[in-house]
Each structure stands twice: as structure tokens, then as C-alpha cells.
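Asks: Mind docking chain B on chain A? Use the hints.
Chains as they are written, first to last, in the working numbering: chain A, 9 to 604; chain B, 11 to 266.
If you are wondering where the hints come from, they were derived from the structure by calculation, not from laboratory data. Take every hint as true, because none was put in to throw you off.
Below 30 Å or equal to it, Euclidean Cα-Cα: the simulated DSS-like pairs (lysine-lysine) are: (1) B:K187 to A:K447; (2) A:K555 to B:K173; (3) A:K365 to A:K382; (4) B:K105 to A:K553; (5) B:K250 to A:K553; (6) A:K365 to A:K193; (7) B:K187 to A:K548; (8) A:K219 to A:K152; (9) A:K447 to A:K290.
Restraint-style ranges between C-beta atoms, simulated for each label pair: (10) B:P91 to A:G297: 46 to 54 Å; (11) B:E104 to A:L531: 22 to 30 Å; (12) B:I186 to A:E231: 18 to 26 Å.
We put the CB at the ideal spot given by N, CA and C, even for glycine.
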Amino acid sequence: MEQEPRVGVFICSCGTNIGGVVNVPEVAEYAKTIPHVVHTEHNMYTCSEAGLTAIQESIKEHDLNRVVVASCTPRTHEPLFRAACNEAGLNPYLFEMANIREHDSWVHPHEPQKATQKAKDIVRMAVAKAILLEPQTEPEVEVKGSSLVVGAGVAGMTAALSMASQGFKVYLIEKEKEPGGMAQKLYKLYPTLADASEVVDPLIEGVKSNKNIELATSTILKEVSGYIGNFNAVLTSLEGDRELNVGTIIIAPGSSNYTPPKGLYEYGLNDHVITQRELDEKLKNGEIGEPERIVMIQCVGARKGEIRHSELEAFPKSDTAELLRKILKARKEEGWPYCSRICCMNAIKNAILIKEKSPKTDVVVLFGDLRVYKEYEDFYRRARDLEVRFIRHIEEVRPEIAQTPEGKLQVMAYDALYGTEVTFPAKWVVLSTPLIPSKDEIMLARMLKIPIATDGFLMEAHLKLRPVDTNVDGIFIAGTVSGPKDVSESIISGEAAAGRASILMGNGKVKTEAITAVVNEDLCIGCGLCEEICPYGAPKVEEGKSKIREILCRGCGSCAAECPKQAITMRHYRDDQILAQVKALLSPESSKGVVQ
Amino acid sequence: MVEERFENEKISGKEFEPLIVAYCCNWCSYAGADLAGTSRFEYPTNIRIIRIMCTGRMDPTLVLETLRMGADGVLIAGCHPGDCHYQKGNFMMEKRFDYLKKAVKNVGIEPERVRLEWISASEGGKWSALIREMTEEIRQLGPNPFKHMQIPKKTDAMMNVFKSQRLRWVVGRSQIKMEIEEEKYRQAVDSIMHDEIERHMIMGALKEKGALTAEELAQTTGIQPNKIVQHLIALRRDGKVNEAGEKNNQYLYKLV
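The shape of chain A in the complex, shown without the other chains (with noise of 0.2 Å):
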């Protein structure tokens, strides 16, 4: 280090919150005596504008070059304090944050001087680390404007739609030879019962003719590599390979329909028990008439079954199309551990469907728990009001079914309410059945390295926070691939993707993560083991050394706790600057003038 270190340290009261319980001018007197601190004051919120602004000052007046705030937490004040040392010519990562609030005042109310102490404690311990800090740069890369959305159906030809009408080009992929993706094969869509052709052939005409939008149909994504704001990708189609360059990627293949097994209530062996979906396509073309009875089943193949550790394990860290091929055929027997939650309103919409047309067929729901919200409780009502009957069991006696020797279908179930066993004769019975993960999606993210939930579906980066980013910078989800949605959820999600793609596009340029891992080329023997456990493929053996791509680094960290010859560290969080802290804690005294 060129420039001996200059810590000031500034000390919030909080109105009484830190000051009601901590001595804060004691501690401030205290701070004083840590070496290297040559500037010390407290304020009533140092947060405030005459806060930041004294610290600012105080930057220039006593050329602080390292700065210490003990206040709140970082994880909601650090930004701010960072920006005010940047606007003042400091680097923001030569900034340290002391805890002094959520981690003492707050939970000590009643030992003001253990706290006190304890207060003295982080505050030494945060100046023992920004002694050791060094200016970091939070690396700046291009985001070209151009997108690649994989898979055409309701939420891929949404967000496809939505970048292309900002100027955005987009390259749109599908597996299949026609654009539509599940919704095409979809009748009537609840609540407003209109042709799900009313919503998909508009999307498709609109995708097909946007001079924005390359559509490329019978074609899958084989390999990306690159990061965000410049994709590599490789597409395969029956014509060949070709590789495109993106700045952002958008995952939209969606999800498969659950079929239950072989003789599951007589499924493939009755040409008269189908899926909720078999009925759709059959009420499309006509193909039920007007029965005497018809009989749902709800939750088939759904809230079944243990969400399993050693599965959780295996997703991420399979690599194999086999075992993936094993827990989905695993699965298929024991059914799906959570709710698919459209089922319920799907059954209630086909059953509306048949009792509109034929009046004088028996609609009957069998079901354990019915689940309807919002609006889609009227929609319950419209039912009702039309005579289908909902029958609850108890979930832990399911229905049974039997063909009697003329080979009609036979329907016994436990109804709760009557505490009694019925049997019902029908024509049909139609199983709802949830959306399941499909194998070619979990392949998809293992080869994107965008992590799969316990349930089998790809994770958001954050459930509430970031429902559609991903783990990756610059890869997007939208629709069924993240868990079961209808038509309109699909929608908002590819609006909501192409948003955030958008935002990365529109700016051109994107700040990466500064906090990242510097690998010692001396000691690194090229093993090449951070290579392969880096989530994010940031680390790459060339000529026998580990290159880190700061642009895919996230700063976890993992590498430098693994490699084997201890040659990585990570930008502000290395050892000796955490060994800082612990030294700075338990012998204060010889942690005086330990500058490096």
C-alpha cells in the first residue's frame, strides 16, 4: 500500500435508537485510540443530508482515504454511504460499514453496557478491515440490442413481441414446426371461456410478420457461451447449425402435461378415462356428446409424493440425461409434490363447457382440496348455478374406479360431507393432471447453468424480488418453465422478461460484479477443479493456468475455499482481511500496525 492509511470514523446515533442504548460519544471518544483513525465524529442520523455531508467534508478536510460508518446494516445503508465517498473522490469500496444497530442496540436494549462494549468491538473490528481494503471497480460491459427467446408459445411470442416493438431485433426459436406452443392446443380458456385461438393467432400472426422478429421454427438452442450483453449461441435445425450473437436471452419453452401412468384409475387402458387436456381437444372437435355422466378427478398425479433431498441434490448436480430420465419416470409413478394450481379452474371451466351444451349430463368434481381465487370464485359459482356437483373426499381415501363386466366405468368415492361411500356409472372420467417439468427444459438449464427448484422447475433469481431474472446476468424466464401459469400469467411474465431484457438493452451497457476472485498464478497449477465447480463457469484453464472472466464471476467465492493449492482469493473478502477482524476482535492490542 503506496499511502498509509487515514480511517474516519462516523458514528450515528439513530435519534435514541443506537444512542438510547449505546454510548455513542463514549465509543466515539474510544474510536480515537484504534491506530490509523485520524478523524472521529458521531451524529444524530448520519445517514441524513448534513451527515453525508460532513462526511464528505471530512474526506477532503483530513484526506480520509478509508471511511468507517457505524450505523445500521449494510445491506440497506452501504449504497448509500458508498455513493457519498464516490462523490467525494473516494473509491466506494474503500468504505467499511460497522453494524451497530441491528446487530447490538436493537437486540440489547437492556445490557447498555455490554452493548456499549460491544459497539467498541465492531466498530475496531471494521476499522482492522478497511485498513486492509483496496479500491475495486465494478467492470462495465456493452449489452448489444438483440435478443434470443427460446420457445414461440403465449409467454416466448409475448416477450418477442414486446422487444421487437422497441426496436429490439429478436431471434425466435421453437421445437416444434409451428409457432402456438401449448396454448395452440388448448380449447376455451377460462374465466372468459373465448377460443384460445382469439389470443394465440394474433401472437403468431404478429411474430410471423414483425420485421424485428426472425422466427425460426423445428429448431433448438445447442450451445451458449459468452455473458450478458453478448451471447454466443449455436441453433440447430434440420438445415445445420448457426450461431447467432445476442445480448440477452429469454427462456420460454414451457412445460409438459403430467400423463398419468398405465392403469392409474384404468388411464390407458379405458379409452374413456382421459386428461383434462384429452377433453379439451375432445370438446373442440365434438367428441363427447351428450353423456349421461361425466366424472372429474382432481389432483391426479398432483401434491402427491415427498419432495426428496437426495433429488434436490441430484437436479443441480446431475449431469446426465439418465438420472434425470429416472426421477422423471420415478416421479410419473409417485405424481408431483406441489399444487399445478390452473387444474382446479380448468376442471370448472370444461365442466361449464359440457353443462352449457348438455344440460342433462351429470357433471361430477371429485376433489380433495378445490382452490379457486380472485374472480375465479364466481367462476365456481357460474358452476354451481349449472348444476355440477362438487363432491369432496378426504385426501387420504382417493377415489377408486372399476369397469364393470360390460365394460362401463364405475366411480367410488368417499364423499366427506355425507361420510358415506357413492358410486357413480360414467361415460367419462377426466383426470386432472398438473404441468410437470419436462426433461428437455432441465436440460436446457443444466447446459444455461440457471438452477432447478425442488419441484423441478427452473428457480427464479428470487421468488418475490426477481421472479423472472435467473442466476445468470442476461437470461430471462417467462411462462410454464418456472411452474405452472395460465394463458394470462403467461402473458405477464413475457411481458415482465422482455421488460427486464429491455432495460439491459435500451442502457447499452451493463456494471458487473466488482467483488470477484483473482487467482495468484504462481501457486495455480491449472487443475483445472474451479473450472468445474464454478456455478457460473466464471474460472477457464488456458495454457495451464486458471483465467477468472470477471464478467461471469459473481464473487461466491467457492473457488477460493476449494482449490487445492489456496492460489485464489477473493477481491474485498480475502483472508487476511477477514482474519482482520477475528484478530482486531480478540487481541486488539497486537493488532495495532498491522498494515500489509
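Replies: Using the frame of chain A, we list chain B on its own:
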């Protein structure tokens, strides 16, 4: 300094107050500890939190060093399995923790002093309860034994084990794919740890006494003679020791 603090505590006759260092991952556990604050869930003042980005970053050497410096307890807190911000850092830590705990016991520290826990950003209550429980548990154990005794040579040896390429490679490979049975993997890790400690002791003896024969090394270190020979072969191969003449018809060995 550590000793002084301990002396002071004894003289003042105050009840022993443990100091626990908690390494919290930024995304879940640090936020969980924040939430304990926001919710005003009180807990003892004995904990000091160090923020790291991910438990995946926790090199076992950091934990051992923290204990060597005199922390009465070390808590590593990360996201629940499946919730890791970086996908699998917590799983990687879990795997390391397995041998870390054994190693800690091996050097004479109660393994209860080191804990790995999963705390989510919404588990402020759990965090608070954990700190109460851990503080009490360590209070019962008393001060870190390193505070009032010479840090045993074994700890230095263990630090070298943690830094050894062999151990790190075997554990690192297992993070990618378990190629052998779990039981065999554990045995391999155990035997590597054991071997590396013995090799370190051999090197220590040679450093102290210059050239020694295998027999003399066995006497000095208390390691079985046949094991000594095996280690000398390995150390010679790694270029760490070499022959240095003969004594009583036996080869003498010295550090390179």
C-alpha cells in the same frame, strides 16, 4: 494478549463470558440477524458477526485460525439447503464442515464450539434462539482451551492439513461428483488427515533435530516405524526430505 485477557477474567472473579465469532452469509443469515434486530428479539451480547458473501467462501483454515486466535466459539451461518444465493455454496460448506469438526476435536477443542447453521432472512427468531443456546452451551464448556495453554503443535499440523493439496483435492472433487461411496470417501479424508498430521510431525522433528534415522524419528514422534518409512517415501517423492548419509546401517534423513 489472549492469555492476559483470560488472567484478567480470573482475577476479577467475574463469570466467564464467552466470545463467539459468527460468519454470516450476506444473503440469508446476515439478513436473519438484521431481522432479529428489527423485530427486537433480544439475545446475549457475546456474539460478533463477520459478514461474508457466502458460506461457500469459508475456507476451513479461517475457522481453525479463528479458534487459534482465541474465539470461544465459531458459528458459520448460511442459507437453507436449496436457498443459496449462489446455488450451492452452502452445500459445499456442509461437506467441508464434516471433516472440519473432526479436525477440531482432533486438536483438542470441543467440537461443540464450532457450529454450522442455516438461518434464512426471515428467521430472526431462530437466530436469536440460536445465539442464546450457543452462548449458554459455550459458557458451560468454559474458555477456549487455547487461551490457557500453548497452542499445541498438533494445531499447526492441522492447519497444514487444511492447506494440504491432497486433502483439498479429494474434498474438492467430491463437491463436483461423488465418485466413490460416501463411506469410502470419509475413510479417505480421515486417513489423509491422519497421514498429513504425522508427516508434519516428522518434518517438525527433522527441523528441530537435523538429520534422523527412521528409528530415531519413530522414537521422537511416537509414530509406528513402518508408518515412518511410508511417510519418508512420500515426503522424499514430494521433494521435502532427502537422505543425509547413514547411521548404524540406516539412512539418515533431513529436510531439503
